Amino acid sequence: MNRLSTNILRTLALTGISGAALAAAISPAHAQVTEAATSSLPSDAQTNNGLTDIVVTAQKRETNLQQTPISISVLDSKALDDRHVLSLVDLGDGSIPGLRIVPFGSRRSALLIGIRGVGTLSDANQPARDQGVGVYLDGVYLGRAQGLGAALYDIERIEVLKGPQGTLFGRNSEGGALSLVTRKPSGEFRMEATAGLGNFGSYEAVTHVDLPRLGNISLKLDALLQKRDGFINNPLAGQPDFNSYDRRGLHLAALWEPSDRFNALLQFDISREATTPDYLQLLAAGSVRPAPIIAIQPDRATEAVVGSPLQDSVGRTHGVSLHLDWKFGDTLTAKSISAYRKLDQSQFDNGAVVQSVFAPNGNFGRYSQANFRQNQFSQELQILGNLPRLSFVGGLFYYHESVDDDAFTTNTLRFNADGTSYTVLPPSITPPTAFDRVSSTKTDSVAVFGQATYTPALLDDRLHLTVGGRYSHDKKEGLLSMVNGALPVVNGVSATVPLDATFDRFDPLVNIAFDVADRVMVYGKWSTGFRSGGANARSLTYRSFGPESISQFEIGAKTEFFDRRARLNIAAYTGTYDDVQIDFTAVIPGNTRSTLETTNAAGSGRVSGVEVDLSVAPFAGLTLTGSYAYNYVRLPEAPNPFVANNPLVVVYPIQAPRNSASGAIDYRVPIRGAAIIAHLDANYAQAYNTSANDPTKNEASFLVNGRLSLGEIALNNTSATMQVSIWSRNLLNEQYLRTRTFNSSIGFTGIYNEPRTFGGDVTIRF
63 MNRLSTNILR TLALTGISGA ALAAAISPAH AQVTEAATSS LPSDAQTNNG LTDIVVTAQK
123 RETNLQQTPI SISVLDSKAL DDRHVLSLVD LGDGSIPGLR IVPFGSRRSA LLIGIRGVGT
183 LSDANQPARD QGVGVYLDGV YLGRAQGLGA ALYDIERIEV LKGPQGTLFG RNSEGGALSL
243 VTRKPSGEFR MEATAGLGNF GSYEAVTHVD LPRLGNISLK LDALLQKRDG FINNPLAGQP
303 DFNSYDRRGL HLAALWEPSD RFNALLQFDI SREATTPDYL QLLAAGSVRP APIIAIQPDR
363 ATEAVVGSPL QDSVGRTHGV SLHLDWKFGD TLTAKSISAY RKLDQSQFDN GAVVQSVFAP
423 NGNFGRYSQA NFRQNQFSQE LQILGNLPRL SFVGGLFYYH ESVDDDAFTT NTLRFNADGT
483 SYTVLPPSIT PPTAFDRVSS TKTDSVAVFG QATYTPALLD DRLHLTVGGR YSHDKKEGLL
543 SMVNGALPVV NGVSATVPLD ATFDRFDPLV NIAFDVADRV MVYGKWSTGF RSGGANARSL
603 TYRSFGPESI SQFEIGAKTE FFDRRARLNI AAYTGTYDDV QIDFTAVIPG NTRSTLETTN
663 AAGSGRVSGV EVDLSVAPFA GLTLTGSYAY NYVRLPEAPN PFVANNPLVV VYPIQAPRNS
723 ASGAIDYRVP IRGAAIIAHL DANYAQAYNT SANDPTKNEA SFLVNGRLSL GEIALNNTSA
783 TMQVSIWSRN LLNEQYLRTR TFNSSIGFTG IYNEPRTFGG DVTIRF
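Converting from the sequence shown to my numbering requires adding 62 to each position, the first position being numbered 1.
Read the hints as simulated data drawn from the structure, not as lab findings.
None of the values given here were measured: they were computed from a predicted structure.
Check before you lean on any hint, since a few could be wrong.
[To be verified] Listed below are the simulated DSS-like cross-link pairs for lysine-lysine, each with C-alpha atoms no more than 27 Å apart in a straight line:
#	residue 1	residue 2
1	Lys-397	Lys-289
2	Lys-246	Lys-122
3	Lys-289	Lys-122
4	Lys-140	Lys-122
5	Lys-537	Lys-122
6	Lys-389	Lys-289
7	Lys-759	Lys-537
Model the full structure from these sequences, guided by the hints.
So this is what it looks like as structure tokens:
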């Protein structure tokens, strides 16, 4: 770190940036800011005068990224296209260091999201449990991990807010927040249509239509279809392959602007996503010899060792939101965001055949079926003020959620006497006569928040002081009504088990920013956040657990130099991680399912790190970006509920690589009325734990993506243009274990990343 700091200081000194500015730039808080700046940079975000400004809404209002003293990473629509990001699951390649997005086990029907090693769940099927990273669609909180893998509509940008965001974004944003911003109706005619083909039978069709303003109303429509076959063959005839997807969706937006003082935006979206599970491989055998038919596959497989009955996990979501915006003079604005959303997700998983223990003529092939249903309503009111020396935002927030789930497991296959073959049990998939578990939860959350920034009349208005706070009140009511096909048993008595809990919390923020020089800002920040408590539906007793929280200090800097042809942001952070929610799993004897308990760890953990982001536009058409993140997470010991007297045991942070990095090259050169547009990015992550109870790590990853386009081709002397592109994800066909776990009896099992995918597409723009 000292050598790195020295080299950076020397570099900045040569460019005219003061040592004081640099020292602040290397400070902890800047880590957040840094990454936001570089990652947010569109691949062609430059003009003849250098890099362009990036607008974000991380503080509930539009601000310049480089003048916003918090850590934000941004990917705009072009950056998403360049990386061929079709859904949030594609950001799991590490395009933004510090952000980890992984499917829930072998199911792509739910996504687990962590930022800086904080917030990731090990189990997403928990109606009475929340994620630790808040996900927002146009300011509307999305309460569940299910549905997050749906196709993305016309995304203008994705903002990644790093570190606790408890003041402005509230509960369940202790790790940070992920904000998806769609493109709004423009009132001018615009149409963009894309059609593409790729390997593994993939194809896509996307259309965006902006209609001309009719009176004071503007309309916009987005429609899409994305489909790909699986890339691991299922030997069972008539059954789908592993890791396929079929996504489709529709988004409508209407913007009413009766005056320059008021506007109303009404949006509706509906989507359907069907996926088959990932394939779990046996990498090395344990102490129990597997059946002869269960072959060891130490490398990424192209075919499953045993054919399995499979079916699509289907997620259906729809939502409607109303955004109202009033301006009172030039200093005061009022906003309202009202939204309702509904989710229905079926989940099927038969990818764990290799974990079956052999018994002559014994049943195997654990088939898990689960259904998850949710509806939510949210209402947020905001007041924003902008006075000569004081800007502020305050508001009220209400959230109601109703969730229920059910699940059961069965076996679908049977070994022969010596384990050299198998038969399919008829019928292979049957509706349950009794579920393994049934639970439901209702959550009501209310909050009041405020944040203000004051610029005193001293130091040439270079000093900016920000304070804020949020009070949150959560109430959760739940019910576990079935375990193993019967009423749960607590203290020897069979009965439904209720949850009735409330959680109150105050999250403060203090931020001091100073403009050292033109385009050089340093800041220091302290903030907190929390994840709400709840109960575990997989627990035999519906055992409850309390909230977890984080308190973090940051210092950082945002700098631009070389006549705005270079951006360097550096940051560091450190803080305590308290009452961490830890999962423990145990197998139920004589049953096909396991039970899971969640406990709060004893004592405090620590989260610390450093992030560096650099963007350079040396000449028109070329942009180079690079990001690096060092992240250290230490968790305290946690009581093991499955061992007598609940001894404290070591637990491991999950989805928290110690080192990660990303870099990209973007180049555009005009040629005879058109342009060649090239993009290449590379993403690295060090190996990390994927289970809190297992010291086994996955494998380090290095993934390269590329896109080459011939664009801006005029069609028939009209305003229409065409772009022809070829693309590839995992261009080098790198293989690494996305997850890897160890069981002394079964051995090592794991799921590999996707192989190389490639294709081409044509886009017509009017």
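Hint check against the structure, violated hint numbers in rising order
1, 3, 6, 7
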